[in-house]
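4 protein chains.
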Amino acid sequence: MVQLGFTRYGKAEVRVVRIIRGAAPDGGDVIIDRNVSSAVSGDIGDAYYTGDNTNVLATDTQKNLVNVFAKRLGNVEPEEFATKLAQFLVTENEPLTRARVAIDQYGWTRIGTHTHSFARAGDYVRTTTVVHDQDAGTSVVSGLKDLIVLNTTNSEFWGFPRDAYTTLPETKDRILATQVEAQWRFRPGADLDWAGFDWGEAFETAKQVLLDTFAGTYSYALQQTLYAIGTKIIETVPAICEVRMALPNKHHFLVDLELFGETNDNEVFYAADRPYGLIEGIALADDAPDAGLAWT
Amino acid sequence: MVQLGFTRYGKAEVRVVRIIRGAAPDGGDVIIDRNVSSAVSGDIGDAYYTGDNTNVLATDTQKNLVNVFAKRLGNVEPEEFATKLAQFLVTENEPLTRARVAIDQYGWTRIGTHTHSFARAGDYVRTTTVVHDQDAGTSVVSGLKDLIVLNTTNSEFWGFPRDAYTTLPETKDRILATQVEAQWRFRPGADLDWAGFDWGEAFETAKQVLLDTFAGTYSYALQQTLYAIGTKIIETVPAICEVRMALPNKHHFLVDLELFGETNDNEVFYAADRPYGLIEGIALADDAPDAGLAWT
Amino acid sequence: MVQLGFTRYGKAEVRVVRIIRGAAPDGGDVIIDRNVSSAVSGDIGDAYYTGDNTNVLATDTQKNLVNVFAKRLGNVEPEEFATKLAQFLVTENEPLTRARVAIDQYGWTRIGTHTHSFARAGDYVRTTTVVHDQDAGTSVVSGLKDLIVLNTTNSEFWGFPRDAYTTLPETKDRILATQVEAQWRFRPGADLDWAGFDWGEAFETAKQVLLDTFAGTYSYALQQTLYAIGTKIIETVPAICEVRMALPNKHHFLVDLELFGETNDNEVFYAADRPYGLIEGIALADDAPDAGLAWT
Amino acid sequence: MVQLGFTRYGKAEVRVVRIIRGAAPDGGDVIIDRNVSSAVSGDIGDAYYTGDNTNVLATDTQKNLVNVFAKRLGNVEPEEFATKLAQFLVTENEPLTRARVAIDQYGWTRIGTHTHSFARAGDYVRTTTVVHDQDAGTSVVSGLKDLIVLNTTNSEFWGFPRDAYTTLPETKDRILATQVEAQWRFRPGADLDWAGFDWGEAFETAKQVLLDTFAGTYSYALQQTLYAIGTKIIETVPAICEVRMALPNKHHFLVDLELFGETNDNEVFYAADRPYGLIEGIALADDAPDAGLAWT
Numbered sequence: 060m061v062q063l064g065f066t067r068y069g070k071a072e073v074r075v076v077r078i079i080r081g082a083a084p085d086g087g088d089v090i091i092d093r094n095v096s097s098a099v100s101g102d103i104g105d106a107y108y109t110g111d112n113t114n115v116l117a118t119d120t121q122k123n124l125v126n127v128f129a130k131r132l133g134n135v136e137p138e139e140f141a142t143k144l145a146q147f148l149v150t151e152n153e154p155l156t157r158a159r160v161a162i163d164q165y166g167w168t169r170i171g172t173h174t175h176s177f178a179r180a181g182d183y184v185r186t187t188t189v190v191h192d193q194d195a196g197t198s199v200v201s202g203l204k205d206l207i208v209l210n211t212t213n214s215e216f217w218g219f220p221r222d223a224y225t226t227l228p229e230t231k232d233r234i235l236a237t238q239v240e241a242q243w244r245f246r247p248g249a250d251l252d253w254a255g256f257d258w259g260e261a262f263e264t265a266k267q268v269l270l271d272t273f274a275g276t277y278s279y280a281l282q283q284t285l286y287a288i289g290t291k292i293i294e295t296v297p298a299i300c301e302v303r304m305a306l307p308n309k310h311h312f313l314v315d316l317e318l319f320g321e322t323n324d325n326e327v328f329y330a331a332d333r334p335y336g337l338i339e340g341i342a343l344a345d346d347a348p349d350a351g352l353a354w355t
Numbered sequence: 060m061v062q063l064g065f066t067r068y069g070k071a072e073v074r075v076v077r078i079i080r081g082a083a084p085d086g087g088d089v090i091i092d093r094n095v096s097s098a099v100s101g102d103i104g105d106a107y108y109t110g111d112n113t114n115v116l117a118t119d120t121q122k123n124l125v126n127v128f129a130k131r132l133g134n135v136e137p138e139e140f141a142t143k144l145a146q147f148l149v150t151e152n153e154p155l156t157r158a159r160v161a162i163d164q165y166g167w168t169r170i171g172t173h174t175h176s177f178a179r180a181g182d183y184v185r186t187t188t189v190v191h192d193q194d195a196g197t198s199v200v201s202g203l204k205d206l207i208v209l210n211t212t213n214s215e216f217w218g219f220p221r222d223a224y225t226t227l228p229e230t231k232d233r234i235l236a237t238q239v240e241a242q243w244r245f246r247p248g249a250d251l252d253w254a255g256f257d258w259g260e261a262f263e264t265a266k267q268v269l270l271d272t273f274a275g276t277y278s279y280a281l282q283q284t285l286y287a288i289g290t291k292i293i294e295t296v297p298a299i300c301e302v303r304m305a306l307p308n309k310h311h312f313l314v315d316l317e318l319f320g321e322t323n324d325n326e327v328f329y330a331a332d333r334p335y336g337l338i339e340g341i342a343l344a345d346d347a348p349d350a351g352l353a354w355t
Numbered sequence: 060m061v062q063l064g065f066t067r068y069g070k071a072e073v074r075v076v077r078i079i080r081g082a083a084p085d086g087g088d089v090i091i092d093r094n095v096s097s098a099v100s101g102d103i104g105d106a107y108y109t110g111d112n113t114n115v116l117a118t119d120t121q122k123n124l125v126n127v128f129a130k131r132l133g134n135v136e137p138e139e140f141a142t143k144l145a146q147f148l149v150t151e152n153e154p155l156t157r158a159r160v161a162i163d164q165y166g167w168t169r170i171g172t173h174t175h176s177f178a179r180a181g182d183y184v185r186t187t188t189v190v191h192d193q194d195a196g197t198s199v200v201s202g203l204k205d206l207i208v209l210n211t212t213n214s215e216f217w218g219f220p221r222d223a224y225t226t227l228p229e230t231k232d233r234i235l236a237t238q239v240e241a242q243w244r245f246r247p248g249a250d251l252d253w254a255g256f257d258w259g260e261a262f263e264t265a266k267q268v269l270l271d272t273f274a275g276t277y278s279y280a281l282q283q284t285l286y287a288i289g290t291k292i293i294e295t296v297p298a299i300c301e302v303r304m305a306l307p308n309k310h311h312f313l314v315d316l317e318l319f320g321e322t323n324d325n326e327v328f329y330a331a332d333r334p335y336g337l338i339e340g341i342a343l344a345d346d347a348p349d350a351g352l353a354w355t
Numbered sequence: 060m061v062q063l064g065f066t067r068y069g070k071a072e073v074r075v076v077r078i079i080r081g082a083a084p085d086g087g088d089v090i091i092d093r094n095v096s097s098a099v100s101g102d103i104g105d106a107y108y109t110g111d112n113t114n115v116l117a118t119d120t121q122k123n124l125v126n127v128f129a130k131r132l133g134n135v136e137p138e139e140f141a142t143k144l145a146q147f148l149v150t151e152n153e154p155l156t157r158a159r160v161a162i163d164q165y166g167w168t169r170i171g172t173h174t175h176s177f178a179r180a181g182d183y184v185r186t187t188t189v190v191h192d193q194d195a196g197t198s199v200v201s202g203l204k205d206l207i208v209l210n211t212t213n214s215e216f217w218g219f220p221r222d223a224y225t226t227l228p229e230t231k232d233r234i235l236a237t238q239v240e241a242q243w244r245f246r247p248g249a250d251l252d253w254a255g256f257d258w259g260e261a262f263e264t265a266k267q268v269l270l271d272t273f274a275g276t277y278s279y280a281l282q283q284t285l286y287a288i289g290t291k292i293i294e295t296v297p298a299i300c301e302v303r304m305a306l307p308n309k310h311h312f313l314v315d316l317e318l319f320g321e322t323n324d325n326e327v328f329y330a331a332d333r334p335y336g337l338i339e340g341i342a343l344a345d346d347a348p349d350a351g352l353a354w355t
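First to last, the sequence lines map onto chains D, B, H and R. The working numbering runs 59 ahead of the 1-based position in the first sequence. The working numbering runs 59 ahead of the 1-based position in the second sequence. The working numbering runs 59 ahead of the 1-based position in the third sequence. The working numbering runs 59 ahead of the 1-based position in the fourth sequence.
So that you can see chain D by itself, here it is in the shape it has in the complex (with noise of 0.2 Å):
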């Protein structure tokens, strides 16, 4: 016999702009720009088993619900817009008892003084995960991800074992670039005041000191680098407890342009797209309090 184990749907991708007219401190418009997926689970196995839809909330009412939050919640964080949501979700539809909306958030720029004119930023894309659970409570997580950085020295890599199937020699200094995602979590309402919290000034803070961190690291190992970035931004962040990184090493390999009477002193770089090294962690407070469904 088979059965059902874990299920969860709902509308994935919601592409919701927002505009809040002369709502910036100059009287320009602000726009929100949101890519919003949220997902539900509960008693809903009979449309599995059967077909039977009727505990299911549909995924087009989902997306209704996206647009008419953006209409009612105007100019609030992300964090405040997915909480507000994925509670909703659960709270008006009896038979469901969790819900997960995720966003991503892409940046605009003013053009210069035009109050109504913008460019996309494209720097990187601002993330949230929210799951509000009946029983768990709710977990909010943050974070961005697409951010390209690099440091052109204060990065080395030697020491590591060399066996049959070692030819990487080592190096003293080297390009170090990556593309940064980077999650963390906040300490649950229990320990924090979510109705009065900065989500947006703790976004930002977080975002700067992983910036400052990739920087001020001088790096023998990429590895180093992510726990560097995942330790500052707790130290630095108190409402944040846990921080996890996806690293892709970016490799920029040295070009031999000895064969064409040219010394090359760190100067010019092959720019590689496959393979990449990809180095994951994960930054944890002493006192973290327990994930709970965050990850999930």
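All clues stand as given, with none of them false.
Pairs count within a copy or across copies, as identical chains cannot be separated in the list.
DSSO-like mimics (lysine-lysine), calculated; alpha carbons at most 27 Å apart, straight line:
(1) Lys-309 x Lys-231
(2) Lys-204 x Lys-309
(3) Lys-266 x Lys-143
(4) Lys-231 x Lys-130
Please keep in mind that the hints were generated in silico from the structure rather than gathered at the bench. For clarity, every value in this text was computed on a predicted model and none was experimentally measured.
We have chain D already, so just place chains B, H and R on it with the hints.
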């Protein structure tokens, strides 16, 4: 203070193509085209704490191993390749206690009777993920992705609750289309004689069951189709004890042609990109052994 | 002063799926899955100069027309669809003098004997581009893209000049792989009875010739393979007078395994991403009529 | 008989990163991050006819030259890089009569005051394409792509003809958004002293004009905005004699919230993917010299 949580690093997306000349039944060549990602865990904390690489098997060395194994193993199924490489990584490197090898395998079709010529198939990507842990042993998960399937009819969607945010009309006849990502877990070595196991046949059978069940299920919800597929795979391939799927509902919306004096009796559809429904679920044999590290 | 040069506008990427029920020889359904882009030119300068839209056929209306034509035309080849739509756009809209309709067509394969079920083929995309001009008449260019082909041998590359910047060794045996983008121009209506022409057969023949010629050509340069394919298509399909191709050389580099005590007799390759060679060329029948606007 | 038409081949997408240490005004490093594609034409027919590579400058050699030029030229604008490389390819290789070098250049931003650390900008890609022909001389086309801009208002669309296929309502207030791909042609060397020309300033000026004109144009059609941008660039940068643009109309559809008891006074939009309008056009100075091979 900040602790280090779970860590893992490796070389991702090693694009290795292995030719086995004359190995086809008719004397034609065989191509094995794979994208291999390996990652290891173990006593590697010092790399994260201080950049001490004493225990760090370089990702470049992992890449070399993929190539060496491609040479030595030759014409083996991806499950065998991943298993042997994962076990080698742990066995031969004392500080490492766990390895994960994930493979995407691309299909090629012979061009007519030409013995050396091939066209890429493009209909799906075969996948496998093997985790070998010093203590927990070896787990094998296989599957496929990027398989796009469509039923022109035999799909309904109605009976879902209607609240103030529901606008979707019910339908008794719609297109059902999805891009299948499915992964199936094999019973562990204790329950299955992996040495003599025909991984290729298991894959072909599971894929065929998947296609036939998608096609043969009169569907009232994509959830129902998902569970039917998972159940049927488990019932048909005894070596498989669990199936996990993520099925995007690739919406095909009926175009309103009445405005132009035309009927549209389920003839003309707009294939939408975003948003899309996303249905996830797990089918599990009643006697499925614990998953252990299989899905990590 | 600044003049307005060539202008063109339209609706791009209308994803229309047309189902013709029971139209297959065995009573199964037929799917026509297309991505249609239309664009028009003519007396539309005022839209550019002042935003006067008096002569602007809205791109939304062009989208509607794609859907209406999908309904009305039913099971026709893409060349016929594009031709009729392009001619309609010009004939029915007085200010418009030229229209261009480009179609990508995706293949689907029936799942077993299921009459309503399909899997996306994924091996290539069939293309057509029709330009209809009030004065110059109609031109038809068809082809395919995203077809990846590979020969495991029968490819050499040597005899190229060696200067101070040349490091590539000569080779007498290499993998030859490319992702074909080919377009063939049909003789114009004056030379070809389009009304009774079998576009589908022409496509299948050209595609088969392309595959067979790629496979059957012992190649000393990808340039040679390109010209051989073009020539053979023109020789085999008299309705085709010109073939243009862009063939990326998808490099497969032999991996050096000697360091690990292994030989590598053209067995293990690294499939590189970038950079890649890119070979372009045109094959032209001696009596090819002037191309006119076909390639614009 | 089949003739050979236009031919061209080369190495595409050489990803070269050039570091110039301490070259910034404050002593920080400078990164030049480019994707360089070269292609050559000339007396190369034999490679196509018979695979005789006597006159074939290997694409691998072209790649080497990109790297050598990156070393030798150092901190130069992409226009200078492309011009020198294109001229070298023709001058130094007797059988070659024409070369085309196209460059995508990615922007990087210094991280705070860190002298060695950078984050990728991501707001647009700067482009240049240089064609050098033995007889026709050198042409330079520059521009940018992937720049996404949006006006929250000051855009109308009405007055277009309404026929039996028109369903789009008129609007007096909409979001106007596009992803700019613009290319501007410089006057040839006879009319412009390229040796002393400040390509960097020309780029920055043209980009700024583009942004300001997009923002400052009250638009009745995206066509109008396109022409306004082209005109203004030509009027502001005398060295530019032609501007070509392709502007996808990234539709933002107003979401109907009335069903949920909410107004939507241009506040909540759905950002659609496909289909999209695509507006193309050329602005040309009255005294623009003939384009010659610039756009080939």
